[in-house]
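Chains Y and Z supply the protein sequences, listed in that same order.
Each step along the first sequence adds one to the number in my numbering, with nothing skipped, and position 138 is 138.
Each number in my numbering comes from the position in the second sequence (counting from 1) with 1000 added on.
It should be emphasised that the hints constitute simulated quantities derived from the structure, not laboratory data.
Glycine included, every Cβ here is placed at the ideal spot set by N, Cα and C.
Check before you lean on any hint, since a few could be wrong.
Simulated restraints, written as ranges between beta carbons of each label pair [to be verified]:
#1 Z:Pro1111 x Y:Glu28: 29 to 35 Å
#2 Z:Ser1114 x Y:Asp73: 42 to 48 Å
#3 Z:Leu1119 x Y:Asp73: 49 to 55 Å
#4 Y:Leu116 x Z:Leu1126: 50 to 56 Å
#5 Y:Gly95 x Z:Arg1061: 36 to 42 Å
#6 Y:Ile31 x Z:Gly1037: 40 to 46 Å
#7 Z:Gly1037 x Y:Ser191: 15 to 21 Å
Under 8 Å between C-beta atoms, here's a sample of chain Y residues computed to sit facing chain Z [to be verified]:
#8 Gln58
#9 Phe83
#10 Phe84
#11 Trp101
#12 His200
#13 Arg201
#14 Leu206
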Amino acid sequence: MLDSPRLTTAARRAAPVVQDARPSEAVEDPIQRRDLILLERARDGSLDAFNDLVECYQDHLFALVARMVPDRDQASDAVQEAFFSAYRNMRSFRGGSVRSWLSRIAINAAMDQQRLRKRRPSQPYPELEDESWQPPAGPEADPERTAMHTERGRVLQAALAAITPDQRHAIVMFDVEGYDYAEIAEITGVSLGTVKSRIHRGRLALRDLLEGSMGLFRGEEG
Amino acid sequence: MPHPAEHADPLAPADPAAHATHDTLLVAAFAGGDATGAELETAAALVAGCPGCAALHGDLRLIAAALPAMPTPRRSRDFRLTAGQAASLRPAGWRRFLAPFAGPRFAFAAPLGSGLAALGLAGLLLAGTGLPLGGSTAGAGSESGTDTASGAAAASMPARAAPSPGLMVTTQGATAAPGVPDASTDPRLMALPAAQPSAGKGPEDTAAPEDTAVAGAAVPGMPVLLLASLAGLVAGAALVLLRLAGRSAARTH
Chain Y
1 MLDSPRLTTA ARRAAPVVQD ARPSEAVEDP IQRRDLILLE RARDGSLDAF NDLVECYQDH
61 LFALVARMVP DRDQASDAVQ EAFFSAYRNM RSFRGGSVRS WLSRIAINAA MDQQRLRKRR
121 PSQPYPELED ESWQPPAGPE ADPERTAMHT ERGRVLQAAL AAITPDQRHA IVMFDVEGYD
181 YAEIAEITGV SLGTVKSRIH RGRLALRDLL EGSMGLFRGE EG
Chain Z
1001 MPHPAEHADP LAPADPAAHA THDTLLVAAF AGGDATGAEL ETAAALVAGC PGCAALHGDL
1061 RLIAAALPAM PTPRRSRDFR LTAGQAASLR PAGWRRFLAP FAGPRFAFAA PLGSGLAALG
1121 LAGLLLAGTG LPLGGSTAGA GSESGTDTAS GAAAASMPAR AAPSPGLMVT TQGATAAPGV
1181 PDASTDPRLM ALPAAQPSAG KGPEDTAAPE DTAVAGAAVP GMPVLLLASL AGLVAGAALV
1241 LLRLAGRSAA RTH
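One chain only, chain Z, in its complex shape (with noise of 0.2 Å):
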């Protein structure tokens, strides 16, 4: 029978001289099955060449062999729960409110409350920049308030305008929406420019109260997309929010 040694690699330190400076921690993957490709070759030539990387790979295969012989501690106690401790540990109150809420039933709740959350946020943004719903950008015309024909084809084009929310006031002034300060009451809008008829332009030229009706009933769009956006988010934050609580509740009782 050859001499292991004759098997080594010849790139392996396998001079059993040198086993002080052998990795034992690559014997230690080899004995454990874990060595692969050039580790595994490595370690089996110093295992075949070197006695005591030799020794050392037999002692661990027969350490992992007797640790799951090992003899088993007996318990000194009883760990059986007392109705008292029961009772202590089962959720009082708020905390059994919360319970449900921590289990695994519930797990969806936290994505769902977090997408909700998003969505409400990006539909309050979208709603407060007063960006155009649907492809209109007749509303911006209308706040120019230096445009009266535009402000005019804002209030005649209802279902297409986009105005910021809750507001909507055109150099026609009768623009207004129902519901919204009249310029010619509120101070703050007193000083936008008067609402005075254009010269050459008759009073069909002039939004008419139906006119005015109409564009009151495209204002809202925005609040449904405001009120949606709004439910969305306190929803969506809601659900985080059980969750949460129900989990911490779950870890400090």
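Isolated chain Y (complex conformation) (with noise of 0.2 Å):
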């Protein structure tokens, strides 16, 4: 999972300045103890330091959920929707990880968002064309490499957004986001078993899907 997105994510993210290091728990993961002090000064009140948890993880929670809804639109309502919750629920958070406490918010949010797509369709997933899908590609990529690499993930969201929803939630949870299958299953109110079937089926499915594309996923391990 080194190569996860969201590592780079983390990586990118450029910290708050945090003035404040009372040693409120003994939480040995700078961001994590960041996180916490930031929760704690806008429990007080801060809606600056709301912001800043928000800066931190607004770009992980919509890439996280804008997989799982494929409707651009409808992953950004999700996410504000996420933060809305998250804000009227401080008090609640139970401690451990905010960045686990808020993808949990994200993720039932994007569920309600499915939910609600189901009973009012909207245009199927204008995203595809939108430019704003791009990989990241580092200066040493050549161009062949780049073109095939966003190629394969243009394929490869096309079929996720394809598959069942209970399918790509699974699955997004689980090789994106690197959920094990307890979490997925505590998260989603389902069985360890239908977490697992739906993770395989969706996989069959999404085989199904690239079939005639299988020679881009193909090429780069040649």
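Using the hints, put the two standalone chains together into the complex.
Structure representation (structure tokens):
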């Protein structure tokens, strides 16, 4: 999982300056420590502290939700609703990782959006033509490789958008976000077996959808 | 190098021509590392003996490996909250009062409240049915209205008496608790057998005023239980309701 995008996101993220260095809890991880301090300040009424948290995690949460809710507008709404919900329920934070807490709120918001979407279908997947969906490209990347990477991401995203929401949510949480089966079962409220089944069936569905494009995936291996 | 099919489980349907009949979900579980026991052996045999299953296995692994490296969608909006949004999101009025009850610090409220309410209810039932407390059954005898001796005994053993709450009437008529209806004036009680001293029994057999006072002192045992039960029920119900209302207010806000 070292090539996970969330690690690169975390590395890119510029942490806001936090003057308060209260040893509130024995937290080794400096990011977690910063998050807890910001959350504590936000609980005390500081909107700036909460917005610092938003700034830290809005990219990550949008990327997470946009993969689960393929409609960009709905994904944006879900992320906004997730931050609203987090602000309203700051006092119900039970400790632990602020990032995980926010991610769970965002996942729930995304699933709510999907339920809403079932009732009110919207324009399907306009984001696939959106140029803002860009792969991360380093300076060392050659054009051919970049083009292949872009195309592979595009077809994978299109295939992911075409499978069932339940399968997509499970795959995004497991393969992209790195949650384990038990965490996904807890978040989605289904059994461990159902989670595994959704992931395996989802991958089979992706393979069927990508059958004509598998060369893109084999290319880099060779 | 031997052909992969030679390692195939003879029980497994590893005929390459029959790929369409093979369990692809099993191959997917194998690719995901979730196959165990007999499933693992069968899946391994399928992948080893069937080119279609082997290709599927390889593709599934490639797809799983490619998913984390998918392009990161970029947000098109800033999600920071404005002061106005924050103000509208902050609980106000009664929601502000209820907000703390929705938090984890008040998580004990629901179980504690339920327990208190259950105890209170049990206490009320106990008090209502007049079941004996402390192992005494004297109160029941005093209500029979037929055995004056037992009535007198009930009056003379106040500490162990367990009458119905609020009312203690014996055939002597003199043992009514203070503050309860008098059998001579209350029409409901006038229907009971008349309070006449039994023949052959002297005034000493009739409950003395001191006895009456002492018998009246036996009554508070039940009101204490009654009041405690009522308090427990009310407090428990209040705790549960506050918790539920707090959570409901947090959800709907």
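A quick look at each hint next to the structure:
no. : hint                             : verdict
1   : Z:Pro1111 x Y:Glu28: 29 to 35 Å  : 34 Å, holds
2   : Z:Ser1114 x Y:Asp73: 42 to 48 Å  : 44 Å, holds
3   : Z:Leu1119 x Y:Asp73: 49 to 55 Å  : 54 Å, holds
4   : Y:Leu116 x Z:Leu1126: 50 to 56 Å : 51 Å, holds
5   : Y:Gly95 x Z:Arg1061: 36 to 42 Å  : 37 Å, holds
6   : Y:Ile31 x Z:Gly1037: 40 to 46 Å  : 41 Å, holds
7   : Z:Gly1037 x Y:Ser191: 15 to 21 Å : 19 Å, holds
8   : Gln58                            : 5 Å, holds
9   : Phe83                            : 5 Å, holds
10  : Phe84                            : 6 Å, holds
11  : Trp101                           : 12 Å, violated
12  : His200                           : 4 Å, holds
13  : Arg201                           : 7 Å, holds
14  : Leu206                           : 5 Å, holds
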